[in-house]
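Starting from the given sequences, assemble the full structure and let the hints guide the process.
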Amino acid sequence: MLKRTLLATAALGLGLAFAGAASAQDALKACWVYVGPIGDGGWTFQHDQGRLDVIKAFGDKVDASTYQENVPEGADAERVLTQMALGGCKIIFTTSFGYMDPTNAVAAKFPDVKFEHATGYKRDSANVSTYNARFYEGRAVTGTIAGRMTKSNKIGYIGSFPIPEVIQGINASFIHAKKVNPNVTMSVVWAYTWFDPAKEADAAKALIEQGVDVILQHTDSTAPLAEAAKTPGVIGFGQASDMAEYKPSPRVSAIIDNWGPYYVERVGALLDGTYEQKDTWAGIGGGEVKIGDITEAVPAEVKAEAEALAASIGDGSYHPFTGPLNKQDGSAWLAEGEKADDGTLAGMNFYVEGIEGDIPQ
Amino acid sequence: MFGAINPAVLIASLMVASVPIMLAALGELVVEKSGVLNLGVEGMMIIGAICGFITAVTTGSPLLGFAGGAAGGAALALIFAVLTQSLLANQVATGLALTLFGLGLSSLMGQGYNGIKPPLTAAVPFGPLRDIPGLGRILFSHDWVVYFSILIIAATWYVLKYTRTGLIIRAVGENHDAAHALGYKVNRIRLACILFGGAMAGMGGAYISLIRVPQWTDGITAGAGWIALAIVVFASWKPWRVLIGAYLFGGITVLQLNLQAAGSSIPVEYLSMSPYLITILVLVIMSSGKGRTLNAPAALGQNFHATR
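Residue numbers (numbering that gives the first Met the number 0), protein chains in the order written: chain A, 0 to 360; chain B, 0 to 307.
Quick caveat, the hints were computed from the structure, so don't treat them as lab data. Bear in mind that the values here come from a model prediction, so they are computed numbers and not experimental data. Take these hints with a grain of salt, some might be off.
[Said to hold, decoys possible] The calculated EDC-like cross-link candidates involving lysine to aspartate or glutamate, where the alpha carbons are at most 20 Å apart (straight line), are:
1. K302/A x D292/A
2. K229/A x D142/B
3. K116/B x E208/A
4. K150/A x E208/A
5. K150/A x E164/A
6. K150/A x E300/A
In structure tokens form, the structure reads like this:
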């Protein structure tokens, strides 16, 4: 009997604790949906930094305190989005590719709520905008450093899923590594996950055992860098976030996703009434992609070369996919001086000439 | 077809990759031998991972870190034990809840521990033995936990098979009413087994956060606890088969990544699913065939309440 009373009291106490959460006042409510934990130190962490920038920029005028971590891509996302829209969110940022269909489905039901979907391409209703970053521009820079730094002439790339965004990264890295070091070869390992530290560490280990001494990663955790740190002479790059704790080596530079300015711009536009549906794909020039500090483990002339490349991409004078370039099977893709168009890039499903292996279909 | 893979290096890295699932599976084996089904292995592992990480970072000693991991796992197991042994809650539901609770709690405890590097655990110094070609890399290049995991398998096998303690544990797991009639304290024996299982799972988790990945991130165990549960069935509740199962699973996981890195011509999709495919395949083979039973403890998953 005593036991039962005790349990009932405990349950009641819990219920009260949850009911106590206060609701916000008249501020514009902006909400975020995350695919991973904020503590991933990479992709989701950077989106959350962007959310914090919004709080910093608008203070009391915007309530940006609502977010949901670890939302699975699929039907669960639809539930979360509906909940948020019903809960008074006026603008909702959905930060992973797999939220594309749920975002569009929920957006059709809530025409007064603005939806912003990261890395997607579907804008079925007038209230859906999409935004993405040209990560491949950063890959060109890290590829250059990789080509210069490798002593075994073997570069490893840990891929997540064979989708265009990742393939762009592989191609951009390889083209620019090859440009500065014609003997370079690249091994690609597909991890089939965005976030699984143990598996990412194992993938890095397998690459190192195959003689790879520069590791590029397209997965979200810092595990490949931690693995690289165990073997002297192996270097890698921060992915999505700076991953500065592995400076100066193995982390010699990083590709940083910088979402803050975009979030501040969009929320600001909604506040002053200038908000319009759009599709944004900015890169180094727009400030969405940043190159992390290049450490002293990299020789000065390589650092200068990489920085010059980043600058020329930033001011638009150079495009990372500029001809002559052939596809893997040897057929012509871009002629001398020709630049890849965004449509081809957004649907990229082939390796460039020189990369071995097949893309899983 | 297989590219250039050095077998010695491969075996050495599969031994390392298998340690977490091996420790967790061994702990669960003892728990199930005593007739308790604890599905919360994943939760206990991740609590062990964060407790071990916090202890190691605070004290600067990886050894204490493993002790902390074991204590954390056992503490979570204690919750399970209280709920199922004294409050007689359903074991399956409680175990699943334990996993969800562990994942959430570890994330809360881990706030502020992202991006910190734990103190490193060095390999056991074997001196010149390490330089024996091939064999040295396989046998003498590991940290102490790898050797510990094999020793504890041997110890568990010995205790379960040849000692009175082992006999009592098995009796409780096979027929708790009979064991009770003989005067054994069924729930207390089960409590001890559950705590042992939690400690082993916690150590396995700590191995991930302290040695295999060395860092803390949310959800770091990424399903290893479920694999450990499968390995117990795979091993048909026999300690040495746990070792084989863990090495097989760990080995195929490492092999498929190595094959990819070495540029094998086998399509990636097949390689990626191979560890799971082979686990299922072996389970099917083991549970079919004449005269072969799965060897599950008869009282597995049944709560015991002394009515007489």
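Here is what the structure says about each hint:
{"no.": "1", "hint": "K302/A x D292/A", "result": "10 Å, holds"}
{"no.": "2", "hint": "K229/A x D142/B", "result": "13 Å, holds"}
{"no.": "3", "hint": "K116/B x E208/A", "result": "23 Å, violated"}
{"no.": "4", "hint": "K150/A x E208/A", "result": "15 Å, holds"}
{"no.": "5", "hint": "K150/A x E164/A", "result": "28 Å, violated"}
{"no.": "6", "hint": "K150/A x E300/A", "result": "17 Å, holds"}
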